[in-house]
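Each protein sequence line maps, in turn, to chains A and B. Just so you know, the first sequence maps onto residues 1 to 477 in the numbering used here. Just so you know, the second sequence maps onto residues 1001 to 1477 in the numbering used here.
Hints are computed from structural coordinates only; laboratory data are not their basis. These figures come from a predicted structure and were not determined experimentally. From the three backbone atoms N, C-alpha and C, an ideal C-beta is built for every residue, glycine too.
Here are some of the chain A residues that sit facing chain B, going by a computed Cβ distance under 8 Å: (1) Asp29; (2) Phe45; (3) Glu65; (4) Trp93.
Restricting the straight-line Cα-Cα distance to at most 30 Å, the calculated cross-link-like pairs of lysine-lysine (DSS-like) are: (5) A:Lys146 <-> B:Lys1105; (6) B:Lys1085 <-> B:Lys1146; (7) A:Lys133 <-> B:Lys1317; (8) A:Lys335 <-> A:Lys317; (9) A:Lys317 <-> A:Lys383; (10) A:Lys133 <-> B:Lys1324; (11) B:Lys1035 <-> A:Lys105; (12) B:Lys1335 <-> A:Lys133; (13) A:Lys35 <-> B:Lys1105; (14) B:Lys1035 <-> B:Lys1278; (15) B:Lys1035 <-> B:Lys1105; (16) B:Lys1079 <-> A:Lys105; (17) B:Lys1035 <-> A:Lys85; (18) B:Lys1317 <-> A:Lys382; (19) B:Lys1369 <-> B:Lys1324; (20) A:Lys35 <-> B:Lys1085; (21) A:Lys324 <-> A:Lys383; (22) B:Lys1085 <-> A:Lys105; (23) A:Lys85 <-> B:Lys1105; (24) B:Lys1105 <-> A:Lys105; (25) B:Lys1335 <-> B:Lys1278; (26) A:Lys383 <-> B:Lys1317; (27) B:Lys1300 <-> B:Lys1369; (28) A:Lys35 <-> B:Lys1079.
Cβ pair distances, simulated, as ranges: (29) A:Gly242 <-> B:Leu1058: 41 to 47 Å; (30) B:Ser1402 <-> A:Glu304: 58 to 64 Å; (31) B:Arg1239 <-> A:Asp277: 41 to 47 Å.
Listed below, chain by chain, are the residues.
There are 2 protein chains.
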Amino acid sequence: MAEDTGGLPPRSDFSAWYNEVIRRAEIMDVRYPVKGLYVWYPFGFALRSQTYTLLRGLLNRDHEETLFPLLIPETEFMKEAEHIKGFENEVYWVTHGGLSLLEVKLALRPTSETAIYPMYALWIRSHADLPLKLYQIVSTFRCETKHTRPLIRLREITSFMESHTVHATWDEANEQVEYELGLSQEFYRDLGIPILISKRPDWDKFPGADFTMAIDVVMPDGRTLQIGTVHHLGDHFSRTFGITYEDVNGEQQFGLQTCYGISERCIAAIIGVHGDDKGLVLPATVAPTQVAIIPVIVGKRGDEILAAGEELESELKQSGLRVKMDTRDMRPGAKYYHWELHGVPLRVELGPRDLDSRQLVCVNRLGAKTIISRENAAESVKKLLGEVHDQILARAESHLESRLMTATTSEECCRKLDGNVMAVHWCGCRECADKLEELTNASLLGTEIRSRYVIDDEGPCIICSKLGRAALVGRSY
Amino acid sequence: MAEDTGGLPPRSDFSAWYNEVIRRAEIMDVRYPVKGLYVWYPFGFALRSQTYTLLRGLLNRDHEETLFPLLIPETEFMKEAEHIKGFENEVYWVTHGGLSLLEVKLALRPTSETAIYPMYALWIRSHADLPLKLYQIVSTFRCETKHTRPLIRLREITSFMESHTVHATWDEANEQVEYELGLSQEFYRDLGIPILISKRPDWDKFPGADFTMAIDVVMPDGRTLQIGTVHHLGDHFSRTFGITYEDVNGEQQFGLQTCYGISERCIAAIIGVHGDDKGLVLPATVAPTQVAIIPVIVGKRGDEILAAGEELESELKQSGLRVKMDTRDMRPGAKYYHWELHGVPLRVELGPRDLDSRQLVCVNRLGAKTIISRENAAESVKKLLGEVHDQILARAESHLESRLMTATTSEECCRKLDGNVMAVHWCGCRECADKLEELTNASLLGTEIRSRYVIDDEGPCIICSKLGRAALVGRSY
Chain A
1 MAEDTGGLPP RSDFSAWYNE VIRRAEIMDV RYPVKGLYVW YPFGFALRSQ
51 TYTLLRGLLN RDHEETLFPL LIPETEFMKE AEHIKGFENE VYWVTHGGLS
101 LLEVKLALRP TSETAIYPMY ALWIRSHADL PLKLYQIVST FRCETKHTRP
151 LIRLREITSF MESHTVHATW DEANEQVEYE LGLSQEFYRD LGIPILISKR
201 PDWDKFPGAD FTMAIDVVMP DGRTLQIGTV HHLGDHFSRT FGITYEDVNG
251 EQQFGLQTCY GISERCIAAI IGVHGDDKGL VLPATVAPTQ VAIIPVIVGK
301 RGDEILAAGE ELESELKQSG LRVKMDTRDM RPGAKYYHWE LHGVPLRVEL
351 GPRDLDSRQL VCVNRLGAKT IISRENAAES VKKLLGEVHD QILARAESHL
401 ESRLMTATTS EECCRKLDGN VMAVHWCGCR ECADKLEELT NASLLGTEIR
451 SRYVIDDEGP CIICSKLGRA ALVGRSY
Chain B
1001 MAEDTGGLPP RSDFSAWYNE VIRRAEIMDV RYPVKGLYVW YPFGFALRSQ
1051 TYTLLRGLLN RDHEETLFPL LIPETEFMKE AEHIKGFENE VYWVTHGGLS
1101 LLEVKLALRP TSETAIYPMY ALWIRSHADL PLKLYQIVST FRCETKHTRP
1151 LIRLREITSF MESHTVHATW DEANEQVEYE LGLSQEFYRD LGIPILISKR
1201 PDWDKFPGAD FTMAIDVVMP DGRTLQIGTV HHLGDHFSRT FGITYEDVNG
1251 EQQFGLQTCY GISERCIAAI IGVHGDDKGL VLPATVAPTQ VAIIPVIVGK
1301 RGDEILAAGE ELESELKQSG LRVKMDTRDM RPGAKYYHWE LHGVPLRVEL
1351 GPRDLDSRQL VCVNRLGAKT IISRENAAES VKKLLGEVHD QILARAESHL
1401 ESRLMTATTS EECCRKLDGN VMAVHWCGCR ECADKLEELT NASLLGTEIR
1451 SRYVIDDEGP CIICSKLGRA ALVGRSY
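Isolated chain A (complex conformation) (with noise of 0.2 Å):
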């Protein structure tokens, strides 16, 4: 897994950059024998498991974990109509075990609401039994045929947070939609990422949804990436699974449900929105090494310098902190260099000089240095983290606000749509959606839009001038 010192691609021609970072940062890499299978790197997996471990902290407020089977038989996998159609043409199916053909053929789960709500059906039996709130954390299957790209669209998605809620009434999931909305954006602000919440047009929502709300970033090309769904069920899986239970009259009534989905597209949003032409910049809250020690040796003091960062490196792991002490045989600068490119928010040089000061040479990602007293260290290094968070987010969001253009005409949006998101007015209807779809080779991405620099107002239908609500237009992953 030898490093590759060569120089990246800029950041500007995005998709070579991208593709370069995922491997000279050791993301994941793209050589496995089966297109769309992609094999996570022990780095890239540390950093998968530190963002997991924060998205899991947010659900077990009040969602539990669990974990159902992969494989879900054909019979259940066919019950609901629109479900089916959704995905049929992507399927796996396991048809042999062994050198025997499967009586029931098994489909490899592109999502899991057949293998889950016929157990669902099975527990929930009163209203005492409701809110029911479970999570997962799985591996799910598509057989994609259009270009698939590492962690962005794959055909084994290998880190799919999927929740599954059933309530008492409609209005409670639809609170649910909102609370599980408002964890996604604790979730990306967390990461540092702004992001865009809009509800999909009835026709781009999940098969089997009464409607969709979606969490779009833009990426640094302009083009959006769907990070996150919450899908209001409505009673149509209910009704086909019979999810039923006995309300306080003792009447039976179907559940009504919610499910939220957040894949590994959330890394591919931390590597795309925050990169930089040196590599990865990692949010302290996700990244594996917070804090690298990069010992200065010149002169004979080597084996004070390497006491004094042991110390260092110790007080810090004490007080919480990710921090590794790099003591390979190499230059300084090509540490750095690995640093950078692995993207940890914080480098801490120590040189004899250091040493003799009681002082402590502090570089953040973003290039800033500050000198902090080597007393109460771990305490200045928190703060210095806190703030290159707050760098990167602040970077982020006026990106996002560069990108995002309004348009009163088609002929305006064509023209200012390439690497922009486009706020326009539109009526609702299909066709006018259509046309503008077509004319400007982009998709509509959602009404009823959730961000601070899109304002959620009426006007003239770009297409037919009659009232129309805000919509976002975009080119998407």
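We have chain A already, so just place chain B on it with the hints.
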């Protein structure tokens, strides 16, 4: 998920007890509509999470975690002849993606050698890349034809930890085998589970290994359960997959490999070895809840008791303990029953008299009552948890000791074997082993036994009377 308050079958009827405790203590639900696939309840999943956090902690000392794809192309899977033979009857095959036949069919990993080693061949170039020590925790699949049972024999093994290492020499790989046996001993000691280590006979080793060291536990019915294996793979796989390195002299050499596995059978062992007629008995190291606080509200001081309980809960949590106060509207007796069934190591009862005396009544899962002072409660509780851990380990050790017997004739072996594991002498030849297995209707588990209860000495073979070595014979799951 309502609780069933009927009595459990006695643990002496182990098979019935096991199935019932799995269900009632909410470990797994067996009603998933595919044979051999089970659903983790949230409580079972929490036990799994704690157990694998413990295992990860041990492995992370010198292994790194990673993740490889689930799907293995037939072309790679078929490369190692012995390996194929070992698995071909139980591999699930994906043949279709959507409605199309795949060009190359894909195996659901039964184990990951053939997924991982093609990548190792790319990653390893020089002696400086060695040793390489990675692991992953994944689902593996086997189309079992035998009777399936939760956590013990499954078609989806949901929690397979597999470590794969590469070394420069056979001896270094052999040291790794010893190291990983040591890790296993530490892991199972932390779970309070005494184990037997032995070398599996040649015909029972992992397909493609030089040799297999196995870790067995003796379940309450006297049957052994294999709860871990460490394989020395020699250079079988490195020759097949081209895993070579340049040594210090610039010569190309094949890597020497080990692999090492522990599955959710470790949780079956926790349940089986420690449980009793009241339900689970969980080691404090992995119990999802280590301490249950039960407010005993009599008279008018309810609010005061709840406030004191909350204060205690928060104090114990602060000190790192996993604590739950049970405020449900139920009789204390029903709560005791609930927490005993779920194996909580320590329950703290909190009533008006305890408030007045500034004391706490602690009852451990084995029934021992201790009164501790409210001052320094966290420290005292930790001490009690340590004591109950020692007690369950000691109990498990004396159970194991009582189940180990010796025999010098096949007739004696047959007579004593029901419910026990036998130590005999065996000359090492296949014919004698076959004869012994046939006569006893049991398996020759292994030689080179490591256990303080079995002496690994020499003696006349139980079948042919030639000089032999100690060997274990038992009936296995």
